[in-house]
Amino acid sequence: MIEQIVYALPFLLGGFQTTLIVSVLVVVISLVGGVLLGVALIYGPLAVRLLIRVFSDTIRGIPILVLLFFVYYGLPAAGMPLDAFTSAVVALTLFKIAQVIEYVRGAVQSVPKGQDEAAKAIGLTFTGRLREVIFPQAFRRFLPPWINGVADAVKGSALVSLLGVIDLMYAINQVIGRTYDAMPLYVLGAFIYISINYALSATSRHVERRFSYIRE
Amino acid sequence: MGYDLNFTLIWRNFDRLWGGLLLSLELAALSLVIGILIGLVLAVWYVSAGRFVRFLIGAYVEFFRNVPLILLVYLVFYGLPQVINIAYDATTSFVVTLSIYSGAYLVEVFRSGLEAIPRGLVDAGRAVGLTPYQRLVHVRIPTMVRIILPALSNTFISLFKDTSIASVIAVPELTYGAQWINFNTFRIVEVYLIVTAMYLATGYSLLFLLRQIERRFRVTRQ
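As you go down the protein sequences, you meet chains H and Z in turn. The letter at position 89 of the first sequence is residue 89 when you use our numbering, and the numbering goes up by one with no holes. The letter at position 16 of the second sequence is residue 16 when you use our numbering, and the numbering goes up by one with no holes.
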């Protein structure tokens with residue numbers, strides 16, 4: 001078993017990097033997009049709120065795999081050719097944005113109404129209220145579910161292998177295609193994913209502790 | 001964009017999608033039932049067990065929660081038969097995988113449910129002379145089930161969506177049906193539109209139904 005693992009490791013390195021790159025891209029883009037849309041969902045005009053609500057509920061209601069195939073096979077057919085890597089990142093990011101929107105909504109609505117009213121009373125502008133009053137308090141509530149979501153993004157990135165993107169999952173299957181020795185490779189793959197997620201959860205516990213002080 | 005929607009070929013092959021949807025629901029329901037059994041047994045064991053057993057159950061939970069489902073599906077379908085000498089078809093293999101996977105999530109759900117039971121209830125059970133077993137069956141588990149019912153519904157909905165992964169080992173569920181139509185008729189946009197609608201309609205109907213049941217069994221009625 002050790003022998004097969006040592007043989008496989010160099011082949012997995014490239015895939016491992018792709019998995020990390022896909023995860024980081026998805027997490028960063030969805031954070032920016034999700035926070036913007038999340039704020040729009042709470043404070044935007046009715047039409048905007050409705051659109052975002054439909055977007056979020058639709059995306060979260062279908063399997064990621066279907067979304068992935070829709071983007072990868074459907075967009076080129078509709079005249080928007082995307083390569084496998086881009087479609088994979090687009091699909092996973094759309095899914096993650098929908099989740100981040102809900103985290104933001106939950107976190108912002110957990111801030112007592114009086115805070116926003118008090119901020120208005122002392123004459124802060126909208127962005128000033130968000131920056132100085134709402135976000136600092138909502139951040140604490142936003143962090144734990146968002147960090148869980150980051151681990152989900154790493155796991156979800158394994159699906160990009162189905163579009164032919166050579167990530168860790170795909171690289172593992174490539175090695176198995178040569179050696180026909182599936183079990184050691186899948187177990188190795190499982191532990192690589194576990195170590196990525198463990199590193200993440202260790203960091204997150206640290207960050208959470210850093211921000212868990214009460215500001216009431 | 002110059003794409004003409006044409007649904008004729010989808011309707012002609014609709015039995016693949018309809019059969020796929022039913023199979024998806026079956027896979028999810030079966031895995032949920034087995035997952036509940038696994039989760040319940042391990043959660044009850046966990047709260048009364050020593051450190052070693054707690055460590056083992058914790059390891060099981062962490063393993064299955066941190067590995068992509070698709071890898072677990074491959075591992076059970078392609079990897080396991082190489083190590084232990086058994087043969088099973090893709091559907092069985094997927095149900096086994098999804099059951100163990102959902103079991104790992106449900107252990108945590110049941111465990112937190114058991115810990116959320118008001119102490120007074122268990123003490124009252126003791127006061128009227130119930131044995132530990134009777135307290136478990138008549139007091140702790142019924143109370144716990146009512147506490148965790150919303151989490152159970154959510155698990156079922158997400159298992160229903162997870163069944164799409166079964167398509168990678170050619171289990172003919174809904175996503176597999178969609179792919180079949182995709183590759184054989186090339187009515188790509190149409191098939192994914194229909195399948196999206198089917199997943200949404202089924203998912204939200206289920207959610208609505210389960211919310212009704214939850215309201216019926218809620219612990220505190222407002």
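Treat the hints as calculated values from the structure; they're not laboratory data. Any given hint might turn out to be false.
Cβ-Cβ distance ranges computed for the label pairs, FRET-style [unchecked claim]:
| hint | chain 1 | residue 1 | chain 2 | residue 2 | range |
| --- | --- | --- | --- | --- | --- |
| 1 | Z | Val41 | H | Val54 | 46 to 54 Å |
| 2 | Z | Ala90 | H | Thr58 | 52 to 60 Å |
| 3 | Z | Ile86 | H | Thr58 | 25 to 33 Å |
| 4 | Z | Leu193 | H | Gly44 | 37 to 45 Å |
| 5 | H | Arg205 | Z | Gln134 | 36 to 44 Å |
| 6 | H | Thr58 | Z | Arg126 | 33 to 41 Å |
| 7 | H | Phe126 | Z | Ala59 | 44 to 52 Å |
| 8 | Z | Arg126 | H | Tyr180 | 53 to 61 Å |
| 9 | H | Ala121 | Z | Gly58 | 35 to 43 Å |
| 10 | H | Pro81 | Z | Ile86 | 43 to 51 Å |
In the SDA-like style, the derived pairs of lysine to any residue whose C-alpha atoms are separated by at most 20 Å in a straight line are [what the hints assert, rightly or not]:
| hint | chain 1 | residue 1 | chain 2 | residue 2 |
| --- | --- | --- | --- | --- |
| 11 | H | Lys155 | Z | Arg140 |
| 12 | H | Lys155 | Z | Phe64 |
| 13 | H | Lys155 | Z | Phe63 |
| 14 | H | Lys113 | H | Gln99 |
| 15 | H | Lys155 | Z | Leu69 |
| 16 | H | Lys155 | Z | Ala59 |
Examples of chain H residues lying across from chain Z (beta carbon under 7 Å, computed) [claimed, not checked]:
| hint | residue |
| --- | --- |
| 17 | Pro45 |
| 18 | Pro63 |
| 19 | Leu65 |
| 20 | Ala158 |
| 21 | Met183 |
| 22 | Leu188 |
| 23 | Ala190 |
| 24 | Ile192 |
The structure presented is a predicted model; accordingly, all values stated were derived computationally and were not measured. Note that the Cβ used here is the ideal one computed from N, Cα and C, for glycine as well.
Hint check, failures only: 1, 2, 3, 4, 6, 9, 11, 14, 17, 22 and 24
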